[in-house]
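Enquirer: Sequence:
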Amino acid sequence: MKTLMLVSGGDAPGINTAFYHYARAAARYGGRVYGARGGFAGLLDGAVSLLTPEAAAPWAGVGGSLLESSREPVLSKQDAEQQLKARLAEWDINGLVLFGGDGSLRHLPPLLEAWEIPCIGIPTTIDNDVAGTEQTLGFDSACNYAYHVIDGMRATAHALPGRIFTLETLGGDTGYLALAVADGAGADAVLLPEYEYDENWLAERLREAATTRGHALLVMSEGVKTKEAVVANIPQWTGIRVRDTRLGHAQRGGAPSHRDRALAAEMARIAYAALRDGTRAGVVVVRGGRAALHEGSLAGAPQSAPDRVLYDFINGLNTDGRSGD
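In this text, residue positions in the sequence shown follow the numbering used here: the first is 317, and each later residue adds one.
No lab work stands behind these hints: they were computed from the structure.
Being a predicted model, the structure only gives us computed values, none of them experimental.
Do not rely on the hints blindly, as some may be mistaken.
Estimated spans, in silico, between C-beta atoms of each pair [claimed, not checked]:
id : residue 1 : residue 2 : range
1  : GLY377    : MET317    : 21 to 29 angstroms
2  : GLY377    : VAL625    : 34 to 42 angstroms
3  : THR368    : SER392    : 27 to 35 angstroms
4  : MET317    : ARG575    : 28 to 36 angstroms
No residue lacks a Cβ here, since even glycine has one placed at the ideal position from N, Cα and C.
Build the full structure now, drawing on both the sequences and the hints.
Expert: Shown next as structure tokens:
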């Protein structure tokens, strides 16, 4: 069996680990694995090469993606189906493994299924916003990176009290990542793009923490449109100076954590087994804490908002929005 792996959208820690374990699974059963550099755009341009376990091994613990990605919507072009099938026939490819986020896994697998091209998707994004799965590849690593930074912030905060620290995470237009980071780090407040906030309770929350403990921590998702104004106004609201940190793309490009390495290995093996068994369409999801094959697409899977109860708890709000632990 000959299969091909490619990435659509942003990279995430653990992709290279999955490449390695997928290539190992294929080698065990005598299969051949190819990789397309630059996603579907690269595939249509013929940027395809053999990917052996030996070639993938040095990248297994590295962030980023050995196979460069692309967001170019080449499959929406009029002759895309014919071009894609011609490229797959050229390399005698029997099926695809697609690494991607919510947008890629909602729209591309149903299209490929309609074109009768076997494809197994692997949810890959630090945002953890793919409907139908409890966890995406890269999410755990991104959280751990943020914790490492926060630990350093707290060390200097203890040494020199009297500051409010703000931390901006990635996450796109969603707040799943920021909420998880705030919860795991024990932040004093968190702001998400999905929920409105009140300046009065936010200022009270941060002022109280900084006065009691000597410092306060506010975590914000990059999707919060007023985040720059919040940072600029905190000194005026509280009378306490602020120190702002933005994690940026380093949060996305770090080495994979143990959890993501194990998840990548499990997902890769499931994806290869699915194609070997003749599955035409599916996505490897996490349910009940374990990876499993979901046959079909995630196109109709409902998308839930970040946990509002947890959001209120972190911010010290009652269910009616009033301040108070």
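Enquirer: For every hint, state whether the structure bears it out.
Expert: How the hints compare with the structure:
1. GLY377 with MET317: 21 to 29 angstroms: With Cβ atoms ~27 angstroms apart, the hint holds.
2. GLY377 with VAL625: 34 to 42 angstroms: holds (36 angstroms)
3. THR368 with SER392: 27 to 35 angstroms: holds (33 angstroms)
4. MET317 with ARG575: 28 to 36 angstroms: At 29 angstroms between Cβs, range holds.
Of the numbered hints stated above, none is contradicted by the structure.
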